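As a plain string of letters, each chain reads:
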Amino acid sequence: MSNTVLITVLSWEERYILGLEKNINAFNPSLVILFKYLNPLTAEWKIGNYTKTQSLLQSNLIEVEIDSSKPSETWFIFLKAFSNHCKGKNILIDISTMTREAIWLSLYNCRLNGCKTDYIYYKPKGYSGEWISRDPGKPRFLYKMSGIAKLGAPSLLLITGGYDIQRLDSLIYNFEPKQTMLFFQNGEEPRNKENFNLSQELLRAKYNIGLMYEYDAYDTDSSFDLIVDKLKQRENGNSESYLESYNIILNSLGAKTSAITLFNIWLKHPHVALSYIPSKEYNKEYSFGIGDEYTGSITF
Amino acid sequence: MSSKKPTNPFEYEAAVNFATDELIEYFVEDHNYSRFIQSGRNIFIVGERGCGKSMTLLYNSFQKQIRKAEVEKRNFDYSRIGVYVPCTNTLFFKKESELVNNPFKASVLSEHFFVLAIAYELVSVLSSIENSCSKEKEQELKSELNYILNIDLPEDIPIFKALARYFQKLNSETQNQVNNSEESTSDKCVSFYSLVIPILQIVKSIEKLKDTHFLFLIDDAHDLNSHQIKALNSWIAYRDHSDFSFKVAIAKVRKHSYITSSGSSILEGHDFLTIDMEKPYQNKFSDFGLWAKDILERRLEKFGLETKDANKFFPTNPKVEEEMKYWENVVRNKAQEIYKGQDNYAKKISDFVYKYARAEYFRNRSSKANLPQYSGWDTIVNLSTGVVRNLLYPCYWMYDKEYSTISDKEKDSKEIQVQFIRPAYQDEIIKDKSKELWGKIENDLFNNIDNCSTKQATQIKNFFEQLALLFKERLMSPESSEPRAITFSISARQEVSESQNNEIDEWLRISKEALILYDRKSSSKEFGGKETIYVPNRLLFPDRGLDVIGQHSRVSIRAAEIYEAATKGKKINNKEVSQQTLFDYE
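Listed in order, the protein sequences are those of chains D and B. To convert, note that position 214 of the first sequence is 214 in the working numbering; the numbers rise steadily by one, no gaps. Each number in the working numbering corresponds to the 1-based position in the second sequence with 1000 added.
Careful: at least some of the hints might be erroneous.
Some chain D residues near chain B, calculated using beta-carbon distances under 7 Å [unchecked claim]:
no., residue
1, Ser72
2, Lys138
3, Phe141
Source of the hints: derived by calculation from the structure; they are not laboratory data. Every value quoted in this text rests on a predicted model; they were computed, and no experiment measured them. All C-beta atoms, glycine included, are put in the ideal place defined by N, C-alpha and C.
With the hints as constraints, model all of the structure from the sequences given.
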């Protein structure tokens, strides 16, 4: 048995349980911390995967309940779970079906507890083509990852994976940024190309957004370089870069790996803020199977 | 902010994105209460997005007023200085105070950041005042700051620039402390009384500013946390307002608390006045009608268009105008017969025509005809539902369409002049935008509005469908006594359970946040108290063939009918609807 603690969040998706089996075989964790969101709407869907999780892990499992409607309570639960079980350990975070809030809270606590931290992401085998979640709450800043706001400075909202127009609407409506910078998933897939062109047109017309770029969400290093490079550019007529003159709000709407990139940006530039949109309604049939895996390490 | 020439006279950018000169040129002071802002009273400006709250506050800020004085070639009057404080800075989205387990400490931390934002904007304004004091006076003020507030400022930097830097540093230090300490607090917190009031006292020793009253223009105060709102209310309750007052813009949909930090309340009339920026009347003779005309005509003029009259720029379809006149005459003749020989003959005739003439036009259109034609300035003003952004929104798209057509024809012309918007284009845009708004109800509510489930979105859609149907039936029915009543109130709340009432309240909240419903207070005839009148966004009406020009009436709908309409798509029973004439809006 290794010295690795696996962090995961219970989900109804197939890739959750298939990913857990793979992680157990490949990493042989000494302990698995399973965070369970209390959500009556999805509780039943998760029963099957939960039963399998229990039989797979038995005594090596620690279950922690969290409530997305109580962010301050969640903060302290994560703090306690990591300080009790993860201090100085090797941590593997399976971000595949985690919320951004849980990803960032896990990474934050890994840093706090001096953990050697790796992450793993399993793409699903396919998508149903439908929506994944709806009924968003008000966008929020993460506690302690909310940056250092400058007085009198305008806001720049940076979003990775901006195809979700409705969520974009919600972010822009709530944060009222002066500038918005969007990063779209690149690739030769016709779906991505079509989405990129369509979204560009729509966003230009609707919000007059001019700062739109393509990036590879699954390559966190090149994404990091590209995003930081764009933030370090100067705005027309301004002697300072976006990074210097704006209060920057980061938000990840696309692939979960982009949440890793944004966390790395926050680590390097702690005056930027990480934000997320809580959701209350999910689509059970959003994805199926398990596909490619992406792994990486976080250097604090 | 740099000024760029707009490409469309009806740009409806957020107020903060306007260049100073544009904002000064476009702002209309008449026919609203915006001059109240310059008074020494505390004022709450209430209204939904787009009704001009930010524009009003920004217009009264020092930066805009001094530029205005410069443009008008007059000396600036230093007796009033407006300090604009937006609550949309990311500082106000930080939530670490929720991690502090001691409510008092959480309130101190929350007030600290709010006070720093105010102090920073105050000294930014003061640093932009030229020659406010001599070098000697600056040294004297710096000594005072050191003595009273223990703030040690460098000698080689002008006092207010140095103070701005000091606040920036303090702000950064405290955020760092909060982010990196276990307790999430800071030992460097300041308060309004420990920082802003002493600074104001020191500033008042400057000759140029000795009689100045500072107007703190707090925008988007609904984004403040509960501790900050209580702190703000406490400052408003402060008895001596000779040196400063607060003008606070808040969204109507989110209930504002008027409780102070000590638990008491501030009272309207005593501690503050309220200005409702949404206007109940939109006809051409109302304050809003006149204001809207001023806004539009000023934009036409500033844009350099030859046509400066809103009525001429947005002409009514002549055929519709002719038919309207025809039915007005028919109704007038009928009224003359009915009231022949009676007292108040002229008034009775005019009331009858007012009530039924337009309805007759809608009723007598061929059953095979498409939707009615919508055009004309009066229609556009009524479509706005009393909200400035709603007024500019269709105009923007109409202008773009007309301009595109002309520029296609006159490709070589350097100066393309739009003389007017042809009625067919007005009609097309109005119907397109109306359809879009229905689409928003159907597809977007659960995505865009905080705490709106898909179930609630469907219920709201059902209710609006049934409401439109009700209004349509009333418009078309010859038996309707108030056929163009397009607002409603809710009656018999006691007939539904508490949880059903709560559900109805949530639908109303979501609808208001989505700007598809507005509300006004009115005196209730039955009980003499206040009653809420609900006004659907009139842009919804063209898609359903309704008249956007309503009459001073409301339809009273029982809560049970609303509940059934929303949850089961059940028709609202026309027979159970009562009408009350409404000439008593406030």
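Which of the listed hints are broken here? none
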